[in-house]
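Colleague: First to last, the sequence lines map onto chains R and X. Okay, so the first sequence: first residue is 1 according to the numbering used here, each after it adds one. Okay, so the second sequence: first residue is 1 according to the numbering used here, each after it adds one.
These are calculated hints, taken from the structure and not from any lab test. Treat the numbers as computed from the prediction; the structure is a model and nothing was measured. Mixed in with the good hints, there may be bad ones.
Incomplete in silico selection of chain X near chain R, CB under 7 angstroms [what the hints assert, rightly or not]:
no. : residue
1   : I62
2   : T66
3   : S101
4   : A103
5   : T116
6   : R118
7   : M122
Quick list of in silico lysine to aspartate or glutamate cross-link-like pairs, EDC-like style, CA-CA up to 20 angstroms [what the hints assert, rightly or not]:
no. : chain 1 : residue 1 : chain 2 : residue 2
8   : X       : K110      : R       : E31
9   : X       : K110      : R       : E84
10  : R       : K68       : X       : D156
11  : X       : K451      : X       : D100
12  : X       : K48       : R       : E144
13  : X       : K109      : R       : D59
14  : X       : K33       : X       : D96
Backbone N, C-alpha and C fix where the C-beta goes; we use that ideal spot for every residue, glycine too.
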Amino acid sequence: MKTKFIVAAFAVLLSLSSCTYSPDYLPESEEIDVNQYGSYISLYRNEKETIWGELIAVDSLKFIVLSKPEDSPVRTIKIIPVKEVSKYYVKYAEGVSYGGAVPLFMLASLTHGYYALISLPVNLLLTIGIASSGDSAFTYDADEISVMDLKMFARFPQGLPPGIEVNKIR
Amino acid sequence: MKTKEIIFCTALIIISIVAIEACETYYFRSNYKEANELLHDTKNIGAKPFLKAHFKNGDVCILRNTWKVDTVQNTVSGTGTLYDFNREITFQGNVDISIDSVAIFETNKKISGTETGRLAGMYILAGVDVAIGVYCITNPKACFGSCPTFYKNENDNFHFADAEGFSSAISPSMEYADIDALNNRLLTDHEFSITMKNEALETHCVRDVKLLAYPRKDGERIYHSAGDDFYLCENIYPVSNATGTEGDITDLIRNEDMLERFSSSDENNLSSKEEIILNFDNAGKNINPGLVIHFRQTLMTTYFIYSAMGYMGDEIGDFFAEIEVSKETVNKLNGGIKKELGGIDVYVWNENKSKWYKSGSLFETGPIAVNKQLLPLKNNTDSSNIRVKLVLNKGLWRIDYAALTNIKGKVKPLEISPNLILNKGKADDAALALINDPGKLLISMPGSEYKFYFNLHQQNKDYELFLYSKGYYLEWMREQWIKDKDLLKLNQMIEHPLNFLRSEAKDYKIYEATMEKEFWNSKIDTKNFSYHEN
Numbered sequence: 001m002k003t004k005f006i007v008a009a010f011a012v013l014l015s016l017s018s019c020t021y022s023p024d025y026l027p028e029s030e031e032i033d034v035n036q037y038g039s040y041i042s043l044y045r046n047e048k049e050t051i052w053g054e055l056i057a058v059d060s061l062k063f064i065v066l067s068k069p070e071d072s073p074v075r076t077i078k079i080i081p082v083k084e085v086s087k088y089y090v091k092y093a094e095g096v097s098y099g100g101a102v103p104l105f106m107l108a109s110l111t112h113g114y115y116a117l118i119s120l121p122v123n124l125l126l127t128i129g130i131a132s133s134g135d136s137a138f139t140y141d142a143d144e145i146s147v148m149d150l151k152m153f154a155r156f157p158q159g160l161p162p163g164i165e166v167n168k169i170r
Numbered sequence: 001m002k003t004k005e006i007i008f009c010t011a012l013i014i015i016s017i018v019a020i021e022a023c024e025t026y027y028f029r030s031n032y033k034e035a036n037e038l039l040h041d042t043k044n045i046g047a048k049p050f051l052k053a054h055f056k057n058g059d060v061c062i063l064r065n066t067w068k069v070d071t072v073q074n075t076v077s078g079t080g081t082l083y084d085f086n087r088e089i090t091f092q093g094n095v096d097i098s099i100d101s102v103a104i105f106e107t108n109k110k111i112s113g114t115e116t117g118r119l120a121g122m123y124i125l126a127g128v129d130v131a132i133g134v135y136c137i138t139n140p141k142a143c144f145g146s147c148p149t150f151y152k153n154e155n156d157n158f159h160f161a162d163a164e165g166f167s168s169a170i171s172p173s174m175e176y177a178d179i180d181a182l183n184n185r186l187l188t189d190h191e192f193s194i195t196m197k198n199e200a201l202e203t204h205c206v207r208d209v210k211l212l213a214y215p216r217k218d219g220e221r222i223y224h225s226a227g228d229d230f231y232l233c234e235n236i237y238p239v240s241n242a243t244g245t246e247g248d249i250t251d252l253i254r255n256e257d258m259l260e261r262f263s264s265s266d267e268n269n270l271s272s273k274e275e276i277i278l279n280f281d282n283a284g285k286n287i288n289p290g291l292v293i294h295f296r297q298t299l300m301t302t303y304f305i306y307s308a309m310g311y312m313g314d315e316i317g318d319f320f321a322e323i324e325v326s327k328e329t330v331n332k333l334n335g336g337i338k339k340e341l342g343g344i345d346v347y348v349w350n351e352n353k354s355k356w357y358k359s360g361s362l363f364e365t366g367p368i369a370v371n372k373q374l375l376p377l378k379n380n381t382d383s384s385n386i387r388v389k390l391v392l393n394k395g396l397w398r399i400d401y402a403a404l405t406n407i408k409g410k411v412k413p414l415e416i417s418p419n420l421i422l423n424k425g426k427a428d429d430a431a432l433a434l435i436n437d438p439g440k441l442l443i444s445m446p447g448s449e450y451k452f453y454f455n456l457h458q459q460n461k462d463y464e465l466f467l468y469s470k471g472y473y474l475e476w477m478r479e480q481w482i483k484d485k486d487l488l489k490l491n492q493m494i495e496h497p498l499n500f501l502r503s504e505a506k507d508y509k510i511y512e513a514t515m516e517k518e519f520w521n522s523k524i525d526t527k528n529f530s531y532h533e534n
């Protein structure tokens, strides 16, 4: 029972760590005003494929996304029609990581004797909740920001400049 | 407030804080295609934001907050950094940008206080964790258990322990066998299992775990006595009226419901005694009465064990070595405080002689599992009303249930050794071999769980079951106890227990007020312990 609970907690942690991934080009929240790159975007295409990377440009017809080496083993630039995208979320700054608090508070429960029966699951749930909330603090999803407003978070908010070949974007 | 409630309230507060913050969405970015619009929006801002000028060719210039717009020259100037479309730096320093070359100006408001809620939540949680940790370190008796605990349902926690083994055996020379009634329901399966857990900071050395079983028919029960005899009984006569020093306690004593009667200790003398009177009206003239009683100790004895270890301080190893080689020391330990505190003495009122006659005494160490025992009563009257008096140490005993039964006779149960032991769900043949070899010990460390399986020989036959466990345990010395070293106190405890019990009364009272309340209030929920429903 206890083992199952701990395994479940770590599974949640693991899943959180994957969805709250922060690439190097994302600034810390205090530096959002001096960051030269676009925000990190994750797009769900036709409910089948997930595409993620730096948002290069977006307009009413298409998204242009650059998957960098830190996002994907192969650097790729993809143009995805807006109509094929069912969901998206954008992350504009690195969240503060509270992941280290999870094992720390688990260890603290060991000093609680019998009360660990209560404090261990409470500590686990709360620290996982805080860590998850911290990691995903600086994000928008499709309910919070429209495709057109997403432009502001692209490398080129004005749209892909004429004369720039998408394959040359790094 | 109860510790459990404090933890839940804290959890609720933190969840609320984090949920509010998690739901917060920051809108901080603005784009301007026109310089005039930019000027209009930023003219009343005290500290100008950094400005990003996105050029039509894909370059971007990030200007520090010293930038200014020259509407005559149609330029933006300031100190900044220029990047190409791949965001490589191409220039740093003073720049003059033609507004006509800019596609979009971007400003960002600083996001502040984003971590306040999460940090507050973390600090509150840390505060509560530290407080509980400090409480447990300074009052280890309230947080850490003792001796092996046994569970019919392996998922139960210590509040629902069905038995605790050899609680007084705190060193090898004090090893003994313990028998606990399991109060089991009607058995229909030929296989029975019980899980042994080590839930304390102790090393448990278990020599034997067996099941004692006696077949029973409908309406029959078999009870175990303090002298390790087994009695076949029939009928239950509930208590008609029970009174303690506080008044009527019938409701607490009448049912097996875990609503226990207990008192607090005497603030001047920990060996003060009190009386409980039990009246059984119309129990019958021709019965051979036995008193069935469900009881356990408060945390008083646990307190004394931990105190003694604390007084030994860094010489604890020497003292325990002496216990191993000196019978005199063991006798002193058994004859000291334990003797002064005593058990639950049971008396029966003789109507003819108007006098109380002692029938015997009940004693079992341990505050966790409830002991269910029987004491045959020496009833010399021909009255159908039986009056029983319990004399017990104040603040030492918790009584859940008392009733009379009719003893049919003594019986000898079957002894059944385990045929399988599971360790973390896997068969542990080595553990089985150790348990079935009287010369060897199964060592159980903190966190260990062993599930013992027993074959009851005859399927569809109902048995009354008892758990037999034999061994000893070694309490782990905790660093924080070493500072409590006080050999004079230890000497007083062993050599002059009565004086010790008087001098310690005030200190214990403080401890009792918090620890007993905290410990037992942390009970998760009332669980039915009834024979019929467990």
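Colleague: State for each hint whether it applies.
Modeller: Here is how each hint holds up against the structure:
1. I62: Holds: closest Cβ of chain R sits about 5 angstroms from X:I62, inside 7 angstroms.
2. T66: violated, 14 angstroms
3. S101: With a minimum Cβ separation of about 11 angstroms from chain R (threshold 7 angstroms), the hint on X:S101 is violated.
4. A103: holds, 3 angstroms
5. T116: This hint is violated: X:T116 lies away from chain R, its Cβ roughly 11 angstroms from the closest one there, beyond 7 angstroms.
6. R118: Because about 5 angstroms separates X:R118 from the closest Cβ in chain R, which is inside the 7 angstroms limit, the hint holds.
7. M122: holds, 6 angstroms
8. X:K110 x R:E31: holds, 8 angstroms
9. X:K110 x R:E84: violated, 34 angstroms
10. R:K68 x X:D156: violated, 52 angstroms
11. X:K451 x X:D100: violated, 81 angstroms
12. X:K48 x R:E144: With Cα atoms ~27 angstroms apart, X:K48 and R:E144 exceed 20 angstroms; violated.
13. X:K109 x R:D59: Answer violated: X:K109 to R:D59 is near 24 angstroms, above 20 angstroms.
14. X:K33 x X:D96: holds, 18 angstroms
Violation of the numbered hints given earlier is confined to hints 2, 3, 5, 9, 10, 11, 12 and 13; the remaining hints are satisfied by the structure.
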